[in-house]
Structure formats: structure tokens, C-alpha cells
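Each residue of the sequence shown is one higher than the last, beginning at 580 in this note's numbering.
Derived by calculation from the structure, the hints in this document are not laboratory data.
Be a bit skeptical, because a hint or two may be false.
No more than 25 angstroms apart at the CA atoms, straight line, and that leaves these computed lysine-lysine pairs for BS3-like [to be verified]:
hint	residue 1	residue 2
1	Lys748	Lys768
2	Lys840	Lys822
3	Lys752	Lys768
Quick list of the computed label-pair ranges, beta carbon to beta carbon [as the list claims (entries may be wrong)]:
hint	residue 1	residue 2	range
4	Gly707	Glu865	39 to 47 angstroms
5	Ser869	Pro767	20 to 28 angstroms
6	Ala806	Gln613	15 to 23 angstroms
Don't be surprised by glycine CBs; every beta carbon is placed ideally from N, CA and C.
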Amino acid sequence: MDIMLSDMQEFITPVPNFVMKSEPIMIKRRTAKQLSHLDALESESMHILREVAAECANPALLFSGGKDSIVLLRLAEKAFRPGRFPFPLLHIDTGHNFPEVIEFRDRRAQQLGERLIVRSMEDSIRLGRVVLRSENQSRNAFQSVTLLDAIAEFRFDACIGGARRDEEKARAKERIFSFRDEFGQWDPKNQRPELWDIYNTRVHAGENIRVFPISNWTELDVWEYIAREQLEVPHIYFAHTRKVIRRGSGLLPISPLVQPKDGEQSESIVVRFRTVGDMSCTCPVESTASSVDEIIAETAVTRITERGATRMDDQTSDASMELRKKEGYF
């Protein structure tokens, strides 16, 4: 049956004649709590530590008693407590370390109840693995030999260290997961890409990885974290009076290893150490900072990098650190 349009008029409701007004639609966003920069760094570092524990068969954490490795221990506590660390602590003792730092190292490991493995360069010297020109020669560069021997002895496939990019230019271009060949050597031209937080941990037999969870931290970040977490550090990081000699552009602490040469005079100066290591090549800096807060204030305005101001062995050439790393250094 045909229905004419005129017959449908009574069923059609007229549409009002109005204009739609475009008004902005307000969407209430749910915002997550903003992480502080320390929280973000901490989260990244804990992820890296857990990645090592999950992917590597036999890792170790390098613990010297210095501020960076102290931070690593706190990060490991947060990543794995209440369980035990899934790796032992390892220290390569040159025999020229500061006694205050060695005492702190042993005490901190005991407090944590974690296994501490110490391998000494004295053994490497006794076995003829390291040959020195003199008893007082700096042993810092020769640590690589003892470290590689320890890696072979315990078959570690990963060593976690506290190196940071801001310390030195060779470390600035090194990946977080830094691969070493079967000879323990690092090739800066043959590094694996690291995309976001995806890390490749595969190694061939005999190879190993150095992992740097706080690579993206700065010296200032480290001290701010120490302040926030109320971490104890060796007292030589704080200002104290010490006998030193001026040699080149740095100060060297008087010790059985370092004595004034002809024409040099010893002085008693208020100093502190920004980094701790081999007594024969680690320089203090003049400072009156006697608390963590004062160190933070001082670090915030300094224009000289940590290693640039304190390590004589880094001043032998522009490529000194890179050359040592190619030989197996940390």
C-alpha cells in the first residue's frame, strides 16, 4: 500500500530551530604522585640490581667502603630485603687503602650479615702476577690483575660497581651493562645498545659484565641520597686536619707511602676526601665541610669533577682511565 508524505505529517514531530554552542569540555585528569629525582634514580637502580639477579648466574657486588658502594648496599637492601643479597660482596685490596675505610668496610659487611670476599694484591705480587718498580709505587692500575683473577676463581659472570658517568669522560660513554671479553678487556667501539630499560645480559663462556646501577647519578645525587637515607660513611669524607704535601696541582697525604721529596714541605691543612682509594694517588681537597649538609652545599657549587680534583693517576694522560678499562679496570 502506498502512503503519501502528506498522510505522514501528523506523525512527524517538528525539530526545534536552535544552534549548538561549542563549549570546552573539562576532563578531570587523575595525576599520580610525582616522584622526586632521588626516587626516580632509586627506582631505576633497584630495577637494574633485580635485572642482574634475575638474568646473571653468578654476580658479585664490588664493595670498597666508599660512598658510592655504600649507596649500592642501601639500594640492594631495598631491592632484596628481607631476604639475603643474591650475590656476595667483593673487594680488591691494594694494600694501600686508607685504614679508616678498611675498618668501615669490614664493620658494614658484618652489620649486614652478608658474605665479604677480599682478594689482595699482595698475593698477586707474591705469585709474580704483578711486578712493581718499587714498594711505594701506586698499585691502583694493577688492581685489574687481581680483579680478573678473582672473577676467574669464583666464575663471576657479572660484577656490580658504583661508577658514575659524571666522574670521568671514559665512564661517561660506557654503558650501564658494560661487556668485557674473555681477557677482561673493554672495547668502547663495540658496546651493545641499551634501549630504555631493556638490557642484553647474554655472554659467551669466559666473558663477563660490569654493571653500574648508579651510572646516571651525580656526585650531588649521591650525597643527597646519603643525607635522605641517613647513611654512615667513613669519617675521612669530612673535614679534618691532615699533614699533606703539595705536588703538582694536588695535595698528597703524608703516609708511609708518601713522603716529602727534596724541596717539598709538609703542611697541616684542614682537608677532606671526595673519593677514597689508593693512598699513594688519592688527593684530598681543602675544605671545612664537616657534615653531610655542608658537603652537599659545597658539591652544588664546585666546578671540578670528583676524579679531576682528586686522582693523580687520572692526570698521567687524557686517556688514562680508558686505557685502564681496556685492561680490565672497574
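We went through each hint and held it up to the structure:
no. : hint                                : result
1   : Lys748 x Lys768                     : holds, 14 angstroms
2   : Lys840 x Lys822                     : holds, 14 angstroms
3   : Lys752 x Lys768                     : holds, 10 angstroms
4   : Gly707 x Glu865: 39 to 47 angstroms : holds, 41 angstroms
5   : Ser869 x Pro767: 20 to 28 angstroms : violated, 40 angstroms
6   : Ala806 x Gln613: 15 to 23 angstroms : holds, 20 angstroms
Hint compliance for this structure: hint 5 alone is broken.
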